[in-house]
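Respectively, the protein sequence lines represent chains S and W.
Note that the UniProt record's numbering has the first sequence beginning at 1, numbered continuously upward.
Note that the UniProt record's numbering has the second sequence beginning at 1, numbered continuously upward.
All clues given are correct.
As a list, the in silico BS3-like pairs of lysine-lysine whose alpha-carbon atoms are at most 27 Å apart:
hint : chain 1 : residue 1 : chain 2 : residue 2
1    : S       : K308      : W       : K182
2    : W       : K296      : S       : K323
3    : W       : K531      : S       : K526
4    : W       : K323      : S       : K296
5    : W       : K526      : S       : K531
6    : S       : K182      : W       : K434
7    : W       : K182      : S       : K323
8    : S       : K296      : S       : K182
9    : S       : K526      : W       : K526
10   : S       : K182      : W       : K323
According to the in silico footprint, chain W covers these stretches of chain S (three or more CB under 8 Å from chain W):
hint : region
11   : 181-188
12   : 291-302
Just so you know, these hints were derived from the structure itself, not from any lab.
Ideal placement from N, C-alpha and C gives every residue a C-beta, glycine not left out.
The residues making up each chain are set out below.
Number of protein chains: 2
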Amino acid sequence: MGKLRSANRLLKSSSSYLFCRFTNLNLYSSKAPSLSGAYRSKGYAAHATSSFIENWHIWGVQSRHVSSVATLIERNPSFSTITVDDIAYFKNTLGDRGVIQDEEVLEAANTDWMRKYKGSSKLMLHPRSTEEVSQILEYCNSRSLAVVPQGGNTGLVGGSIPVFDEVIVNVGSMNNIISFDKVSGILVCEAGCILENLMSFLETEGFVMPLDLGAKGSCQIGGNVSTNAGGLRLLRYGSLHGSVLGVEAVLANGTVLDMLGTLRKDNTGYDLKHLFIGSEGSLGIVTKVSILTPIKLSSVNVAFLACKDYVSCQNLLVEAKRKLGEILSAFEFLDVHAMNLTLEHLEGARNPLPSSMHNFYVLIETTGSAESYDREKLEAFLMDAVENGLVTDGVLAQDINQASSFWHIREGIPEALMKAGAVYKYDLSLPVAKMYDLVEDLRARLDSAANVVAYGHLGDGNLHLNVSAPSYSDSILSQIEPFVYEWTSNHRGSISAEHGLGLMKANRIHFSKSTETVQLMSAVKKLCDPKGILNPYKVLPSSMLA
Amino acid sequence: MGKLRSANRLLKSSSSYLFCRFTNLNLYSSKAPSLSGAYRSKGYAAHATSSFIENWHIWGVQSRHVSSVATLIERNPSFSTITVDDIAYFKNTLGDRGVIQDEEVLEAANTDWMRKYKGSSKLMLHPRSTEEVSQILEYCNSRSLAVVPQGGNTGLVGGSIPVFDEVIVNVGSMNNIISFDKVSGILVCEAGCILENLMSFLETEGFVMPLDLGAKGSCQIGGNVSTNAGGLRLLRYGSLHGSVLGVEAVLANGTVLDMLGTLRKDNTGYDLKHLFIGSEGSLGIVTKVSILTPIKLSSVNVAFLACKDYVSCQNLLVEAKRKLGEILSAFEFLDVHAMNLTLEHLEGARNPLPSSMHNFYVLIETTGSAESYDREKLEAFLMDAVENGLVTDGVLAQDINQASSFWHIREGIPEALMKAGAVYKYDLSLPVAKMYDLVEDLRARLDSAANVVAYGHLGDGNLHLNVSAPSYSDSILSQIEPFVYEWTSNHRGSISAEHGLGLMKANRIHFSKSTETVQLMSAVKKLCDPKGILNPYKVLPSSMLA
Numbered sequence: 001m002g003k004l005r006s007a008n009r010l011l012k013s014s015s016s017y018l019f020c021r022f023t024n025l026n027l028y029s030s031k032a033p034s035l036s037g038a039y040r041s042k043g044y045a046a047h048a049t050s051s052f053i054e055n056w057h058i059w060g061v062q063s064r065h066v067s068s069v070a071t072l073i074e075r076n077p078s079f080s081t082i083t084v085d086d087i088a089y090f091k092n093t094l095g096d097r098g099v100i101q102d103e104e105v106l107e108a109a110n111t112d113w114m115r116k117y118k119g120s121s122k123l124m125l126h127p128r129s130t131e132e133v134s135q136i137l138e139y140c141n142s143r144s145l146a147v148v149p150q151g152g153n154t155g156l157v158g159g160s161i162p163v164f165d166e167v168i169v170n171v172g173s174m175n176n177i178i179s180f181d182k183v184s185g186i187l188v189c190e191a192g193c194i195l196e197n198l199m200s201f202l203e204t205e206g207f208v209m210p211l212d213l214g215a216k217g218s219c220q221i222g223g224n225v226s227t228n229a230g231g232l233r234l235l236r237y238g239s240l241h242g243s244v245l246g247v248e249a250v251l252a253n254g255t256v257l258d259m260l261g262t263l264r265k266d267n268t269g270y271d272l273k274h275l276f277i278g279s280e281g282s283l284g285i286v287t288k289v290s291i292l293t294p295i296k297l298s299s300v301n302v303a304f305l306a307c308k309d310y311v312s313c314q315n316l317l318v319e320a321k322r323k324l325g326e327i328l329s330a331f332e333f334l335d336v337h338a339m340n341l342t343l344e345h346l347e348g349a350r351n352p353l354p355s356s357m358h359n360f361y362v363l364i365e366t367t368g369s370a371e372s373y374d375r376e377k378l379e380a381f382l383m384d385a386v387e388n389g390l391v392t393d394g395v396l397a398q399d400i401n402q403a404s405s406f407w408h409i410r411e412g413i414p415e416a417l418m419k420a421g422a423v424y425k426y427d428l429s430l431p432v433a434k435m436y437d438l439v440e441d442l443r444a445r446l447d448s449a450a451n452v453v454a455y456g457h458l459g460d461g462n463l464h465l466n467v468s469a470p471s472y473s474d475s476i477l478s479q480i481e482p483f484v485y486e487w488t489s490n491h492r493g494s495i496s497a498e499h500g501l502g503l504m505k506a507n508r509i510h511f512s513k514s515t516e517t518v519q520l521m522s523a524v525k526k527l528c529d530p531k532g533i534l535n536p537y538k539v540l541p542s543s544m545l546a
Numbered sequence: 001m002g003k004l005r006s007a008n009r010l011l012k013s014s015s016s017y018l019f020c021r022f023t024n025l026n027l028y029s030s031k032a033p034s035l036s037g038a039y040r041s042k043g044y045a046a047h048a049t050s051s052f053i054e055n056w057h058i059w060g061v062q063s064r065h066v067s068s069v070a071t072l073i074e075r076n077p078s079f080s081t082i083t084v085d086d087i088a089y090f091k092n093t094l095g096d097r098g099v100i101q102d103e104e105v106l107e108a109a110n111t112d113w114m115r116k117y118k119g120s121s122k123l124m125l126h127p128r129s130t131e132e133v134s135q136i137l138e139y140c141n142s143r144s145l146a147v148v149p150q151g152g153n154t155g156l157v158g159g160s161i162p163v164f165d166e167v168i169v170n171v172g173s174m175n176n177i178i179s180f181d182k183v184s185g186i187l188v189c190e191a192g193c194i195l196e197n198l199m200s201f202l203e204t205e206g207f208v209m210p211l212d213l214g215a216k217g218s219c220q221i222g223g224n225v226s227t228n229a230g231g232l233r234l235l236r237y238g239s240l241h242g243s244v245l246g247v248e249a250v251l252a253n254g255t256v257l258d259m260l261g262t263l264r265k266d267n268t269g270y271d272l273k274h275l276f277i278g279s280e281g282s283l284g285i286v287t288k289v290s291i292l293t294p295i296k297l298s299s300v301n302v303a304f305l306a307c308k309d310y311v312s313c314q315n316l317l318v319e320a321k322r323k324l325g326e327i328l329s330a331f332e333f334l335d336v337h338a339m340n341l342t343l344e345h346l347e348g349a350r351n352p353l354p355s356s357m358h359n360f361y362v363l364i365e366t367t368g369s370a371e372s373y374d375r376e377k378l379e380a381f382l383m384d385a386v387e388n389g390l391v392t393d394g395v396l397a398q399d400i401n402q403a404s405s406f407w408h409i410r411e412g413i414p415e416a417l418m419k420a421g422a423v424y425k426y427d428l429s430l431p432v433a434k435m436y437d438l439v440e441d442l443r444a445r446l447d448s449a450a451n452v453v454a455y456g457h458l459g460d461g462n463l464h465l466n467v468s469a470p471s472y473s474d475s476i477l478s479q480i481e482p483f484v485y486e487w488t489s490n491h492r493g494s495i496s497a498e499h500g501l502g503l504m505k506a507n508r509i510h511f512s513k514s515t516e517t518v519q520l521m522s523a524v525k526k527l528c529d530p531k532g533i534l535n536p537y538k539v540l541p542s543s544m545l546a
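Next comes chain S alone, as it looks inside the complex (with noise of 0.2 Å):
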């Protein structure tokens, strides 16, 4: 009682809102199923479109860049091109459906959903089962036709559109769920299924997909699993490698690989399936997955507080890791220029935390089995890290809306920034101590000339750095490339924390891993796809595969 009274003293001399205000703030009673329903589709889906866009890199910069990405890179010359005889041969194995040559199916295929990269593709292949994989590709590989593998075509940097005239193979046929074991919760289906009605499915059966991405309404499983998608749930349940239990993949000579497993344990040799979680389509195609689901769990809460400090935001990290631990689910940071960007340009956004402006604000979501037990937890955890002086101030949201509304600033960012003007984006993985130095390292470094914003999964230590600018200046772009880049080699980060390289950063890739791994990996990729037909021109640099 003595430390829910010198909380409320602190809150009360500093607060607009009072936690003690907030007592009763379990948002989804598991006697109210449709208001948690509701609540997760409208939070979830908002925060979903959102932070799709937030994905978007370089936006100002790269749409001026379109159309010279391909001209940048030489087509390989050893790649055959499409014969009429190719032709017959597809649709004799795959029949006339499976078989696209519709010049405007074909235009919105060859064409990434940002519209950064197009390629010029004249052909779409549609196989619907693994069988028919293996056919194109054994067909491919004797004659030296290179295959852009494709499944939602919703990725980032140019992984999944040709770069030249590529075949596209699109598994989007193949939909089905095979199996699904509900005492482990072990889901089994083919690549082509698209996440949300993955997440439809398991639903109904109780359980829910281990990630989940803006993209869910296009992406399939087996472009996640080929990208190793990160998202929104990665703090709680792991990322792809973890989750995923078993492929089955279809090699460059059309050599099925069936690494299927359902098991949790199995130490038989080595764990081969790992090399097809994101190495984005270029070692063979994922034609099924099998992946370990969890329970769904029926307790939300969220909260929106303030940080006087950086420091703070780590500390309060370790606290509610320590604290809140087993259903931490969401611990997402954005800095004060973030948040007043944001409300100037973002519709509906209303500060939770009004009566004074903050240096950072943490959004804080736990997940768990027992509604009352979770509300308790959070509310002695907040109580503690007011009297601590980690939070300076914070609302703990007490119905739907509200907690709608936190997650609305949060991920309404990236449409702010698109608003404000032109805006370079960096996805970054950096140690969590070291991440905001490079925010200020950036800033001192730009002075007045941009706005650099920062957000992002600090529970995973991805940042999301942002520069805004009236307009798209080469002498920006100068000041921040590649310093961003090196500033993040030099302490041991990632380039990419959940994009993947793709074309765009295939050439890149040395900032974050060494001269023998990428050599390493070029060895890799030899092995499973000598002639290089499979997804051409990306992850690894053109130089190291000749």
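Start from chain S and add chain W according to the hints.
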């Protein structure tokens, strides 16, 4: 309250121990850290030791085969033998202290701890740095000297001992903790760090290792990673493929691969570290490890329950994941055959539910951050389970001794089996729903010839299947094998859930992996180690490496 009353009624009519008698069951108050420590050192040490014993395979059988292993395999004639010049080179490189030729020391290093396998190496090297490991391997590769990497030599499948005269490279002298990031819980250390020492270090920081093993007092983290050790915390924290963030490894030719990332998210190229997790030192020697460690949680509760049939055990698992999801840390099961045998042969074993025998028993452990909430959750779950008929009897530990005595039953099974006579042991992964079918099929097959005993980590789908008989007999063995392996293979199970293949099962890989997958494994082996000097005769069938 209605629920509570009916639960009490059921328990009063059927149980000798009532849940309602244990309302104050939280064992380890945060106000009593010494108690908590005592439990762990007592409970887990016993747990650990016997768990280690449980891993002994086909104990009776293998003791007859000790000397026969090498006679079944021919020494690869392409390997050189050690010369005086080689010794001189190593002494010059490592100093005299790093070059071990003492017969007694070599006798120990040539023998696995079960005394099941025995090599005849004349040389053990103790590098103190990655650079030295690199020099050793570069030299051995140039001279075609075969090498066996050795850590704590606690493996169970003959993976860490020489088969013939391989040079033993033991990284035990590389035992420094390099860094610990308290914000993220990321530990970076050398491969020779003993697991228990890392646990002790983390204890002072308020963290735990994501794995715990019976062999923790001897095994080294480099060996844990190289064998993808499973152990006691997998249900909660997942496999090392999820926890290990980076490794540094040295290839056969001395190339150092720096993949020592300390990031939760990094999508820059193929994630090659996974090749070194679980490849049993056959692709390279792991020299450093980066690992994500969870926060240490203070509240632990243990319940011992009875179920009338295997379906109830399965359903109880589903309910436990749903209702205890985020605090569930163990879900172990044993059948009545295991219970009877243990009560008969294990010293100090006392039936926690003595009023009558039940077909199945389940041990549930929860670990969380808030003792009162966790306890209430577990109590509510247990009352529901009784009301729903999933549990027919049960007891919740009310003090440390009681919790330890529950674990003593579960962890004492292997010791009891050994005391009961000859035992044929199998460590299998199977879909949970099908797991017990194998036990019943084998029991029907063996009829009265032997006692089939089953227990294991139900939550992980890991079955420890044991056949106990008064003495070893070829006819019993021929009834069990290859039946058990074929049954497991037919149900897409794993013939080695956590121990690896090593020397023991290298030629059995086809029971769990497809031909195409094993062929790609062999190609990867040839890529990383063209001369095959690293841990020869292990993991892959010799026929694949010719």
